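Engineer: Input sequences plus hints: build the corresponding full structure.
One-letter residues, chain by chain:
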Amino acid sequence: MGFPILSLLVLLPLVGVLFIVLIRGSEETVKRNARHTALFTSLFVLGVSLMLLFEFDISDAGFQFVEHKTWMPTLGLTYSLGVDGISLFFVMLAAFLTPVCILASWSSIEHRVREYMIAFLILETFMIGTFLALDTFLFYVFFEGVLIPMFLIIGVWGGPRRVYAAFKLFLYTLLGSVLMLVALLTLYFQVGTSSIPELIANPVARDLQMWLWLACFASFAVKMPMWPFHTWLPDAHVEAPTAGSVILAGVLLKMGGYGFLRFSIPMFPEATEYFMPFVFWLSIIAIIYTSLVALVQEDMKKLIAYSSVAHMGFVTLGLFTMTTQGLQGGVFQMISHGLISAALFLCVGVVYDRLHTREMSKYGGIVKNMPRYATIFMILMLASVGLPGTSGFVGEFLSLLGAFQVDILVAAFATTGVVLGAAYMLVLYRRVVFGPVKNKEAAAMSDVNKRELLMLVPIVLMVIALGIAPNFILDRTGPALEKLQSHYQYHIGTDMGDYNNE
Amino acid sequence: MEYLAVFSPLFAFLVVGLLGKSLGDKASQFITCAAVIIAAISSVMLFNDVILHADPRLIMVASWINVGDFVVNWSLRIDQLTVVMMCVITVVSSCVHVYSVGYMSHDDAKARFMAYLSLFTFAMLMLVTSDNLLQLFFGWEGVGVASYLLIGFWNHKESANSASIKAFIVNRIGDFGLALGIMAIFMVFGTVNFTEIFGSVQAHTDDVITFLGNDFHALTVIGMLLFIGAMGKSAQLGLHTWLPDAMEGPTPVSALIHAATMVTAGVFLVARFSPLYEFAPDALIVIAVVGASTAFVAATIGMTQFDIKRVIAYSTMSQLGYMFFALGVSAYGAAMFHLMTHAFFKGLLFLGAGSVIHAMSNEQDMRKMGGLWKKIPVTYTLMWIGGLALAGIPLFAGYYSKDMILEAAYADHTWFGDFAFWAGISAAFMTAFYTWRLMIMTFHGKSRAPIEVQKKVHESPSVMIFPLVVLAIGAIFSGVVFYGGFVGTYGGEFPDQHSQEVVAHAASVQDEHGAIPWDRHAFWGDSILVLPENDTVAAAHHVPDWVKKLPLVMGLSGIVLAYVFYLLFPALPRFFTFIFMPFHALFFRKWFFDEIYDAVFVRPARCIGKIFWKTGDKGLIDGLGPDGLSGLSRRIGGLLGKMQSGYIYHYAFVMVVSVIGLLSWVFIRAGGII
Chain Y
1 MGFPILSLLV LLPLVGVLFI VLIRGSEETV KRNARHTALF TSLFVLGVSL MLLFEFDISD
61 AGFQFVEHKT WMPTLGLTYS LGVDGISLFF VMLAAFLTPV CILASWSSIE HRVREYMIAF
121 LILETFMIGT FLALDTFLFY VFFEGVLIPM FLIIGVWGGP RRVYAAFKLF LYTLLGSVLM
181 LVALLTLYFQ VGTSSIPELI ANPVARDLQM WLWLACFASF AVKMPMWPFH TWLPDAHVEA
241 PTAGSVILAG VLLKMGGYGF LRFSIPMFPE ATEYFMPFVF WLSIIAIIYT SLVALVQEDM
301 KKLIAYSSVA HMGFVTLGLF TMTTQGLQGG VFQMISHGLI SAALFLCVGV VYDRLHTREM
361 SKYGGIVKNM PRYATIFMIL MLASVGLPGT SGFVGEFLSL LGAFQVDILV AAFATTGVVL
421 GAAYMLVLYR RVVFGPVKNK EAAAMSDVNK RELLMLVPIV LMVIALGIAP NFILDRTGPA
481 LEKLQSHYQY HIGTDMGDYN NE
Chain C
1 MEYLAVFSPL FAFLVVGLLG KSLGDKASQF ITCAAVIIAA ISSVMLFNDV ILHADPRLIM
61 VASWINVGDF VVNWSLRIDQ LTVVMMCVIT VVSSCVHVYS VGYMSHDDAK ARFMAYLSLF
121 TFAMLMLVTS DNLLQLFFGW EGVGVASYLL IGFWNHKESA NSASIKAFIV NRIGDFGLAL
181 GIMAIFMVFG TVNFTEIFGS VQAHTDDVIT FLGNDFHALT VIGMLLFIGA MGKSAQLGLH
241 TWLPDAMEGP TPVSALIHAA TMVTAGVFLV ARFSPLYEFA PDALIVIAVV GASTAFVAAT
301 IGMTQFDIKR VIAYSTMSQL GYMFFALGVS AYGAAMFHLM THAFFKGLLF LGAGSVIHAM
361 SNEQDMRKMG GLWKKIPVTY TLMWIGGLAL AGIPLFAGYY SKDMILEAAY ADHTWFGDFA
421 FWAGISAAFM TAFYTWRLMI MTFHGKSRAP IEVQKKVHES PSVMIFPLVV LAIGAIFSGV
481 VFYGGFVGTY GGEFPDQHSQ EVVAHAASVQ DEHGAIPWDR HAFWGDSILV LPENDTVAAA
541 HHVPDWVKKL PLVMGLSGIV LAYVFYLLFP ALPRFFTFIF MPFHALFFRK WFFDEIYDAV
601 FVRPARCIGK IFWKTGDKGL IDGLGPDGLS GLSRRIGGLL GKMQSGYIYH YAFVMVVSVI
661 GLLSWVFIRA GGII
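Protein chains in written order, with the working numbering: chain Y, 1 to 502; chain C, 1 to 674.
Simulated from the structure, these hints should not be mistaken for lab results. Mixed in with the good hints, there may be bad ones.
Claimed, not checked - Quick list of the computed label-pair ranges, beta carbon to beta carbon:
1) Y:R161 <-> C:F601: 30 to 38 Å
2) C:I596 <-> Y:M276: 36 to 44 Å
3) C:V71 <-> Y:L461: 21 to 29 Å
4) C:I611 <-> Y:L461: 36 to 44 Å
5) Y:S486 <-> C:H156: 54 to 62 Å
6) Y:D57 <-> C:T210: 35 to 43 Å
7) Y:D207 <-> C:S63: 42 to 50 Å
8) C:L395 <-> Y:L461: 48 to 56 Å
Stated by the list, open to error - Derived DMTMM-like pairs (lysine to aspartate or glutamate); straight-line CA-CA distance at most 20 Å:
9) C:K618 <-> Y:D299
10) C:K455 <-> C:D365
11) Y:K368 <-> C:D107
12) C:K157 <-> C:E363
13) Y:K368 <-> Y:E441
14) Y:K362 <-> C:E158
15) Y:K483 <-> C:D69
16) C:K614 <-> Y:E298
17) Y:K368 <-> C:D108
18) C:K368 <-> C:E459
19) C:K21 <-> Y:D447
20) C:K610 <-> Y:D299
21) Y:K368 <-> C:D25
22) C:K374 <-> C:E363
23) Y:K440 <-> C:E158
24) Y:K368 <-> C:E158
None of these values were measured; they are calculated from a predicted model. In this text, a Cβ means the ideal position worked out from N, Cα and C, and glycines have one as well.
Structural biologist: Laid out in structure tokens, this is it:
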């Protein structure tokens, strides 16, 4: 075993937390030092994660940089970490978005800065841990642990209805996770191990798979969120501070999709096949239903939150096609959405910081004073709509391409989301940025400053770069997903032959 | 050279788009104009290589998406069809770029405008040079975005914003079809690359696509889906409502995007897929019928409108209808011929109308014009040239291409060919009528403009007139010059043996410069496929005399009637409007498409959205879910009387109960261990 780079990634943020706890001095000093320490720590994590990206072996479909330590020998639990093509970019996403979030909170969070920064760094540990864990119970600890700092971020630093939103989030996710815990326990007692690779290699009997699939589905579908478990998301987004929304949309939602890829599909392949149509129809409902709901929203954050549900519909659709294109498209769509929706929430944050309202009708005609903002927002809006040349297109199109090979009707329904998506995003942009000036204060807002450019421009560049050269990600996710696909096909007994030549 | 032709507009867009502010207006205008003119020169040079020396080429630029069997590259496919499009795009675009320097001289966002024009030109070039459907889709959506940005260029105007959103969304409905078409092609062919698709069409002629338990002929389904995309972009009946509204954009935009280039992308798409459509005859029938109906309906609306730009917009829609029914009867060469001549004369008419609007202090209503011919004689003369070309008068470009289309439709000898022929003939009459109605209302009679506007009427500066002259040259000569290449046969006679032999023959008789002669087979090479039994262009040379003369007769009588109506007896129009009230209302209100769509799609979508939100999310899901649960727990709490009143305890209670319940269930199932 070489250098424990994965443990370093998981534990580094906690070291930052330790430093922040130790800060002493006047209130101002504490605030300033807490911000700087948090930013520095998260940038350090980003650096380490970049090292991971470059050290990652493209040709290897299995887990890399594996670390294995006994944790609770009496129970046979282990502390076991590893990264493969599926988890690699989720780790990257978490490592990238955390410093962005800290920058986004630089001046908008004024009270309890120390606690806020601690919450974010702990959140980072849990997020990265979730994607790296190779032991079911370790995974569970991280997966659930995420909820605590998120709950606090919304509940303490959120908007006026933050308590309602925080509890709704808590209730939904906890209910789901309780069911998942039951499933993980059952697996442990049935198979006798908590190691994820071993559980994948030894699927349980078909009948039991059905129940366990449903239990896990409850948890992941809430996280995703899939229709009809989505209503916590708009409330959580609306009440969360900007950075909370960014991390929620950017990383937390992806834990659901990751769960499907790591647990539901490989551990319960036969159940996956059985429930495939069920997931398809939920995805289609999510795409059409939430797009229509997004069309009538007045609150900018709510609109983007609903659009997230629709975009996640493309993800579940793609993943459960179990075709090469669908799987790759689903994963790509998650990464792309992680960037685009995060940046869109940042864009809302930019104007919210200036005018303190999210009502679209309070804005209008701001393009004149904020041309740079208008340009950035325009590119992101078009990326969200799935314009070819941006990352949004690649994921969406590949998912649909996968779906078309499995069920044309499903693909046709899902494709209507492309039309509806354009409608609500263009209307949002028009009402906020274009049109006559309705509100003098809105028209007088200043353009994005350097700090805001520093958060937004890298994301915009990545969105375009990944749209023009998506192979950077696809080449790395490919082998692991192909392995997953052949594993699935082996277990459900279909031929290893290619779907596409049918 | 290929790179120069395609990427110099992109370069100009990036430079001016990012640095426009610091470069200043003059430099921005210079960079964009220079880049597009370079692209135009390169395109003409490519025309020489690719067509005159029969040397099509395929260049791979970079890898794009690579997922399993789905392999797509960024590439440049420069064949005969592409090169024709490239020349049309870059030449018209250059004219519009230069014209815009004058037209937008009073606007304060000149750099942004020029950057958008260059972006559009680049996207359009990507569309036509693509060797696969995905890059074509990239260009397709790219021109859509550029069009959206340019229609809404004056973004403080609510009407401009509505129009730009409408254009984008209606086009997206077309893209819905195109996207599904791409997926269907991938399913059937296992690839989205043109070379591979066209090479294997014959192996898939009997394939079926199963949908809802029924088997459909795969190629027909694909053809229909691609055509839906073409309908959106090319404003064919049903998906046309965005085009007239798009006139909200500055006039150079209307000329470039909504007349000469972008709206012809659908025609290009179908022509590009001629190797597939030739084996999907049912799809061709649909194209012919939709095209012919569009030509007719748009012409009826064009006769009744008063906004000078809208008249020309409906005229564009009608002419696009001609191109489509030409495609529908397999006369791809004729459709491309009309595409090119139309680009010249319609670009000319639009820019001329822009010159009029410019002179009239931004007035667009023809009822407030009149008597302008003495004040702006150059514009007047140029508009005459455009009008004669549009009306199909001999020696002007439109005559050759439109006649060719009508003759090909007649020569098809099918029910839809006849339908297209008669729809086209009546549209030809209406075209001439509304064109001269426009000319007379704008330029003749007494001026109906307010005095202060009349005083300011002035001829446009030479930077605006020069591009008009270039387009006018095209509108006069492009028909005569290119007739032989686009639709003619070497030596003028139609040989009895067909296709391969003729191509081989034509290619073999190269003249002393190595150039091949003016023959449509040699001109198009392998870029267009027409099955011998469908070759209506060949048959069109042998139609009866009356078929050849009828379009001209209709055109002339339309012009005469316009003179009678609007110059000799100005009371007549009102009289006829009164007599044919219902028809006039139908035409004037544009056959009520907008009203119907609003009632059937737009309002219900918002209404359903509201219902889903209020009743679905807030009522049902939250009511039964979290809110209901907390209500339930509160009631249980009340019953037990021992619970605290705080929120969290209620939830915790529910949690604990469910956890215990589920755990016990699992352990019981697992056999009671532990």
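Engineer: Next step is simple, just say for each hint if it's right about the structure.
Structural biologist: Okay, the hints, checked on the actual structure:
Checked against the hint of 30 to 38 Å, the C-beta distance between Y:R161 and C:F601 comes to roughly 34 Å, which is consistent with it. As the Cβ distance of C:I596 to Y:M276 is approximately 39 Å, the hint placing it in 36 to 44 Å holds. For the hinted restraint 21 to 29 Å between C:V71 and Y:L461, the CB-CB distance of approximately 26 Å keeps it satisfied. Checked against the given bound of 36 to 44 Å, the beta carbons of C:I611 and Y:L461, roughly 41 Å apart, stay inside it.
Roughly 57 Å separates the CB atoms of Y:S486 and C:H156, a value that falls within the hinted 54 to 62 Å. Separation of Y:D57 from C:T210 is about 42 Å and conforms to the stated range, judged on CB atoms against 35 to 43 Å. Restraint check, Y:D207 to C:S63: a C-beta distance of roughly 46 Å satisfies the suggested window 42 to 50 Å. Distance hint for C:L395 and Y:L461: a CB-CB separation of about 54 Å, consistent with the stated range 48 to 56 Å.
Taking the CA atoms of C:K618 and Y:D299, the gap is near 16 Å; set against the 20 Å cutoff, the hint holds. Only pairs whose Cα atoms come within 20 Å are accepted, and C:K455 paired with C:D365 is accepted, the gap being roughly 18 Å. Taking the CA atoms of Y:K368 and C:D107, the gap is near 14 Å; set against the 20 Å cutoff, the hint holds. A threshold of 20 Å between alpha carbons decides the hint, and for C:K157 with C:E363 the separation of about 16 Å falls inside it, so the pair holds.
Using a Cα cut-off of 20 Å, the hinted pair Y:K368 and Y:E441 holds, with the two alpha carbons roughly 13 Å apart. Under the criterion of a C-alpha separation no larger than 20 Å, the hint pairing Y:K362 with C:E158 is consistent with the structure, at around 16 Å. Simply put, Y:K483 and C:D69 have alpha-carbon atoms about 16 Å apart, close enough for the 20 Å limit, and the pair holds. Between C:K614 and Y:E298 the alpha-carbon distance is near 13 Å, which keeps this suggested pair within the 20 Å criterion.
Distance check on the hinted pair: Y:K368 and C:D108 sit about 11 Å apart at the alpha-carbon level, within 20 Å; holds. A hinted pair counts as satisfied when its Cα atoms are at most 20 Å apart, and C:K368 with C:E459 qualifies at roughly 18 Å. For the suggested pair C:K21 and Y:D447, the alpha carbons sit about 15 Å apart, so the restraint of at most 20 Å is met. Of the pairs offered as hints, the one joining C:K610 and Y:D299 holds, with about 14 Å between alpha carbons and a cut-off of 20 Å not exceeded.
At most 20 Å may separate the alpha-carbon atoms for a hinted pair to count; Y:K368 and C:D25 meet this at roughly 18 Å. Proposed proximity of C:K374 and C:E363 is supported: the alpha carbons are some 18 Å apart, at most 20 Å. For the hint linking Y:K440 to C:E158, the alpha-carbon distance of about 18 Å falls within 20 Å, and the restraint holds. A threshold of 20 Å between alpha carbons decides the hint, and for Y:K368 with C:E158 the separation of about 15 Å falls inside it, so the pair holds.
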